[in-house]
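Undergrad: Construct all of the structure, not just a fragment, from the sequences and the given hints.
First to last, the protein sequences are chains A and B. According to the working numbering, the first sequence is numbered sequentially starting from 219. According to the working numbering, the second sequence is numbered sequentially starting from 219.
In short, the hints are calculated from the structure, not lab data. Here a beta-carbon is modelled for each residue, glycine too, at the ideal position from N, C-alpha and C. Some clues are possibly wrong.
[Unchecked claim] DEER-style ranges, computed between Cβ atoms:
{"#": "1", "chain 1": "B", "residue 1": "Phe551", "chain 2": "A", "residue 2": "Ala435", "range": "45 to 53 Å"}
{"#": "2", "chain 1": "A", "residue 1": "Glu502", "chain 2": "B", "residue 2": "Glu475", "range": "20 to 28 Å"}
{"#": "3", "chain 1": "A", "residue 1": "Pro286", "chain 2": "B", "residue 2": "Gly304", "range": "45 to 53 Å"}
{"#": "4", "chain 1": "B", "residue 1": "Glu475", "chain 2": "A", "residue 2": "Ala435", "range": "16 to 24 Å"}
[Stated by the list, open to error] With the C-beta cut set under 7 Å, the calculated list includes, among others, these residues of chain B facing chain A:
{"#": "5", "residue": "Lys386"}
{"#": "6", "residue": "Thr387"}
{"#": "7", "residue": "Tyr390"}
{"#": "8", "residue": "Asp391"}
{"#": "9", "residue": "Ala433"}
{"#": "10", "residue": "Glu439"}
{"#": "11", "residue": "Gly471"}
{"#": "12", "residue": "Leu472"}
{"#": "13", "residue": "Glu475"}
{"#": "14", "residue": "Trp489"}
{"#": "15", "residue": "Asp492"}
{"#": "16", "residue": "Val514"}
{"#": "17", "residue": "Phe516"}
{"#": "18", "residue": "Ser518"}
Number of protein chains: 2
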Amino acid sequence: MNRPRNDTFLRALLRQPTEYTPVWLMRQAGRYLPEYCETRRRAGSFLQLCKSPALACEVTLQPLARYPLDAAILFSDILTVPDAMGLGLYFSEGEGPRFERPLREEWAIRDLAVPDPYDRLRYVMDAVAEIRRALAGSVPLIGFAGSPFTLACYMVEGGSGSDFRHLKTMIYDRPDLAHRILSINAEAVTQYLNAQIEAGAQAVMLFDSWGGCLADAAYREFSLAYMRRVVAGLIREKDGQRIPSIVFTKGGGLWLEAIADCGCDALGLDWTIDIGAARRRVGERVALQGNLDPNVLFASPEAIARETRAVLDSFGPADTGHVFNLGHGISQFTPPEHVTALVNTVHEHSRRLRGN
Amino acid sequence: MNRPRNDTFLRALLRQPTEYTPVWLMRQAGRYLPEYCETRRRAGSFLQLCKSPALACEVTLQPLARYPLDAAILFSDILTVPDAMGLGLYFSEGEGPRFERPLREEWAIRDLAVPDPYDRLRYVMDAVAEIRRALAGSVPLIGFAGSPFTLACYMVEGGSGSDFRHLKTMIYDRPDLAHRILSINAEAVTQYLNAQIEAGAQAVMLFDSWGGCLADAAYREFSLAYMRRVVAGLIREKDGQRIPSIVFTKGGGLWLEAIADCGCDALGLDWTIDIGAARRRVGERVALQGNLDPNVLFASPEAIARETRAVLDSFGPADTGHVFNLGHGISQFTPPEHVTALVNTVHEHSRRLRGN
Chain A
219 MNRPRNDTFL RALLRQPTEY TPVWLMRQAG RYLPEYCETR RRAGSFLQLC KSPALACEVT
279 LQPLARYPLD AAILFSDILT VPDAMGLGLY FSEGEGPRFE RPLREEWAIR DLAVPDPYDR
339 LRYVMDAVAE IRRALAGSVP LIGFAGSPFT LACYMVEGGS GSDFRHLKTM IYDRPDLAHR
399 ILSINAEAVT QYLNAQIEAG AQAVMLFDSW GGCLADAAYR EFSLAYMRRV VAGLIREKDG
459 QRIPSIVFTK GGGLWLEAIA DCGCDALGLD WTIDIGAARR RVGERVALQG NLDPNVLFAS
519 PEAIARETRA VLDSFGPADT GHVFNLGHGI SQFTPPEHVT ALVNTVHEHS RRLRGN
Chain B
219 MNRPRNDTFL RALLRQPTEY TPVWLMRQAG RYLPEYCETR RRAGSFLQLC KSPALACEVT
279 LQPLARYPLD AAILFSDILT VPDAMGLGLY FSEGEGPRFE RPLREEWAIR DLAVPDPYDR
339 LRYVMDAVAE IRRALAGSVP LIGFAGSPFT LACYMVEGGS GSDFRHLKTM IYDRPDLAHR
399 ILSINAEAVT QYLNAQIEAG AQAVMLFDSW GGCLADAAYR EFSLAYMRRV VAGLIREKDG
459 QRIPSIVFTK GGGLWLEAIA DCGCDALGLD WTIDIGAARR RVGERVALQG NLDPNVLFAS
519 PEAIARETRA VLDSFGPADT GHVFNLGHGI SQFTPPEHVT ALVNTVHEHS RRLRGN
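TA: Here you go:
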């Protein structure tokens with residue numbers, strides 16, 4: 219039996235009725251938790267933590283031990299895929315992720331190939347399987363990947379940039395090369411997510427962290443089109459259970475209708491859009507995930523409860539189609555005890571809205 | 219006579235017919251120009267450059283000597299206002315602007331006062347007057363200020379941050395203190411812009427660089443409401459000429475209708491929204507300014523011309539209501555000769571669209 223005991227999250231994504239609104243937090247296994255920092259210290263580095271299935275499993279479960287969250291998310295990094303393509307991922311203190319060999323030369327782009335997820339990404343599948351065993355049917359496990367465009371940002375820039383000018387120059391001057399990278403990325407991400415599903419992921423999410431930096435036409439052609447391709451290639455059912463997919467473009471509020479038509483089951487929302495307005499725009503096509511400003515978690519528990527209720531009230535009294543989350547990953551500076559106020563408010567207030 | 223010989227820019231803002239689409243570039247007097255770097259070296263520092271009316275005038279005119287731009291913009295910085303409030307502005311290499319005394323304590327917030335624009339900001343008015351004399355009636359001069367919220371971001375954070383968590387914590391925990399800062403800022407910005415108008419500015423622009431980081435309800439309450447207050451307090455006519463106002467929230471694409479109703483004459487657009495879609499949303503209420511992705515300027519002149527035409531085509535064949543600009547300030551890494559391709563294409567293609 220593949221269905222977890224608490225399947226509220228999966229039902230909400232598939233727009234089936236739930237007793238309350240499920241909640242999880244982007245980057246819920248992260249630096250705001252002292253136990254995470256302790257495990258990371260033991261691992262030696264962030265990358266070694268990602269690459270050890272036992273330690274990745276350990277940190278994945280940490281937030282579930284503290285809070286009654288309705289889903290676990292694989293602890294990993296979106297850059298595992300370009301790393302497996304041979305670009306040489308490393309993390310330099312204070313600068314974030316970098317690649318030893320950024321993708322700028324035409325010959326290197328021609329040579330780029332889809333990595334076998336069962337070869338150089340085996341450690342991710344081992345982590346998925348180990349986490350599933352450890353969860354023991356309690357809550358569902360989410361797998362994830364970066365969007366083809368977001369991966370290309372890091373691959374071409376060589377790290378995180380603020381304007382992505384190398385990739386954008388390529389988009390405007392040599393769109394053929396940009397499309398070549400994005401096609402490879404789309405195929406790589408599809409195979410990678412399908413391998414996660416085969417290993418036990420019960421829902422998958424595409425993180426398009428940087429698509430929102432594109433001009434309207436460029437977003438549609440260079441980010442959304444490739445996410446559509448990934449979603450179309452995903453395994454839709456495993457062991458008789460549907461595997462829902464979530465697509466999240468940070469800063470994508472202008473394109474909600476278009477994203478909602480990409481074939482995904484749910485739309486991730488950042489905090490800049492009112493979730494009720496988003497729901498009116500996309501109608502019943504997809505579920506919505508989001509969208510509290512992560513900075514609300516720095517305020518008092520009373521303010522956190524008030525702002526959390528405001529998101530639930532704006533979504534309205536429907537008994538499905540909403541997965542509560544932050545509008546972006548939780549900040550490393552968040553006081554861990556503040557998360558309790560959020561999670562409890564989501565559960566209590568959403569039951570109240572349903573008249574339960 | 220207050221009307222410049224080339225008043226295309228002013229007429230487009232007021233939605234009067236023009237023979238072609240006027241163009242200027244945010245940060246057009248800036249580091250991408252070698253002559254700017256030379257003047258800045260002579261000034262000693264960025265702040266001394268801002269504070270010297272003669273040198274500010276010199277750099278304001280530099281881009282006009284190179285390109286047939288349709289407007290000049292005062293060379294200054296949005297942080298002159300909090301500097302005049304006594305927060306101690308300084309620039310540290312590689313880190314951007316910082317304040318010696320960030321505004322965090324309740325007593326300091328209570329003590330905050332509106333600075334007299336004719337006292338500690340006199341150098342700005344002197345620069346405006348000197349630039350007007352130097353322009354000698356050729357093209358209009360734009361004055362500007364940061365939005366009350368954007369100034370508050372720097373004032374409370376103490377510099378540029380990525381998440382603005384101190385100000386956001388105040389917004390959620392102590393909205394009374396945030397409103398106090400924003401009220402003072404709104405009054406200071408109103409007086410500051412009116413003094414610029416009295417000194418000779420022929421249009422004014424509010425830069426809301428960071429409003430787009432706010433949640434929907436918070437944007438309306440903590441950024442837009444105060445820009446509305448500023449716009450309502452502006453001098454609307456000087457020497458028989460209407461003084462148009464432009465409001466620009468970067469990342470504000472979700473709020474266009476609301477911004478268009480704030481009383482301004484024109485809306486600045488960043489590059490993420492299709493300008494034709496923006497026009498359909500706001501109708502005939504306001505003119506639009508924008509919105510080419512500044513990164514297009516890294517591509518070849520052919521690609522720059524193609525993308526520039528695409529913006530003009532998307533706006534459509536109307537003979538007014540569009541001021542061409544970038545969707546954000548020009549990058550310091552832009553090759554200066556690429557700007558020529560943009561400016562010429564705007565003038566030529568917009569004449570063609572009008573059948574001239």
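Undergrad: Compare the structure with each hint and give your call.
TA: Here is what the structure says about each hint:
1. B/Phe551 to A/Ala435: 45 to 53 Å: Violated: the Cβ-Cβ distance is about 23 Å, outside 45 to 53 Å.
2. A/Glu502 to B/Glu475: 20 to 28 Å: holds, 24 Å
3. A/Pro286 to B/Gly304: 45 to 53 Å: holds, 49 Å
4. B/Glu475 to A/Ala435: 16 to 24 Å: holds, 22 Å
5. Lys386: holds, 4 Å
6. Thr387: holds, 4 Å
7. Tyr390: Interface hint status for B/Tyr390: holds (4 Å vs cutoff 7 Å).
8. Asp391: holds, 5 Å
9. Ala433: holds, 5 Å
10. Glu439: violated, 12 Å
11. Gly471: Nearest chain A Cβ about 5 Å off; hint holds.
12. Leu472: holds, 5 Å
13. Glu475: This interface hint is violated because 11 Å lies over the 7 Å limit.
14. Trp489: At 5 Å from the nearest chain A Cβ, B/Trp489 passes the 7 Å test, so the hint holds.
15. Asp492: holds, 4 Å
16. Val514: Since chain A brings a Cβ to about 6 Å from B/Val514, closer than 7 Å, the hint holds.
17. Phe516: Holds. Min distance 4 Å.
18. Ser518: holds, 6 Å
Hints 1, 10, 13 from the list above are not met by this structure, while the remaining hints are.
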